[in-house]
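> Sequence:
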Amino acid sequence: MVAVTQFEPLVILLAHDRWATRQILDSCQGLTPEQFQRSFDIGPGSLHDAVTHILGAMQSWCDVLAGRERRPRLQGVTRNAAELGKLLERLADELATHARARPLDEMATWTREGKSYQLTRGGVLTHVTTHGGHHRAQCLYMLRQLGVDPLPPVSVLEWMLLVDGARLQ
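For the sequence shown, the residue numbers in my numbering are 48 to 216.
Please note that the accuracy of each hint is not assured.
Claimed, not checked - What follows is a set of in silico ranges between Cβ atoms, one per label pair, in the way DEER data are often shown:
#	residue 1	residue 2	range
1	T158	M207	35 to 41 Å
2	G194	G114	44 to 50 Å
3	R149	R85	37 to 43 Å
4	H181	E160	17 to 23 Å
Keep in mind the hints are simulated off the structure, nothing from the lab. We put the CB at the ideal spot given by N, CA and C, even for glycine.
Using the sequences plus the hints, can you model the full thing?
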């Protein structure tokens with residue numbers, strides 16, 4: 048357990064985002080490849096595709112924050128939960144590095160469909176972490192449909208209680 052609890056929102060968002068996505072992937076370790084790839088009528092479709100989408104967004108936004116060309120999309124390649132876990136660690140480290148690299152009020156350029164937008168770095172980082180939460184909720188639904196019980200903890204409150212050193216008084 049951490050001796051001092053976190054209080055800076057960006058530090059909390061980044062640490063929680065990594066941890067919560069790891070919780071989803073850890074819950075997927077016991078699934079068969081067929082279950083991991085099973086299509087559902089929600090979000091990107093399968094647990095594999097939902098987590099790949101989360102990681103793909105992290106990678107794309109890292110590229111925006113770095114001011115570089117987008118790397119090839121992660122979608123379209125089949126990976127198991129362990130491989131996605133390694134990718135998560137690399138991308139979460141990269142995102143944290145970019146988060147600290149420049150001021151949060153500095154602008155980053157995002158280009159989509161031939162149009163360029165100026166976004167604050169703080170806004171981009173908030174989007175990345177809340178985007179992951181949206182898709183993790185879809186993953187919880189899929190895990191429930193597959194009979195996973197208990198479902199993994201993924202909320203910020205659960206992170207504070209389980210990881211960040213919240214104490215009983």
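> Work down the list of hints and note, for each, if the structure agrees.
Structure-based check of all given hints:
1. T158 / M207: 35 to 41 Å: 37 Å, holds
2. G194 / G114: 44 to 50 Å: About 45 Å separates the Cβ atoms of G194 and G114, which means 44 to 50 Å holds.
3. R149 / R85: 37 to 43 Å: Check passed, 41 Å falls within 37 to 43 Å.
4. H181 / E160: 17 to 23 Å: Since H181 and E160 have Cβ atoms about 21 Å apart, the given range 17 to 23 Å holds.
No hint from the list above goes unmet by this structure.
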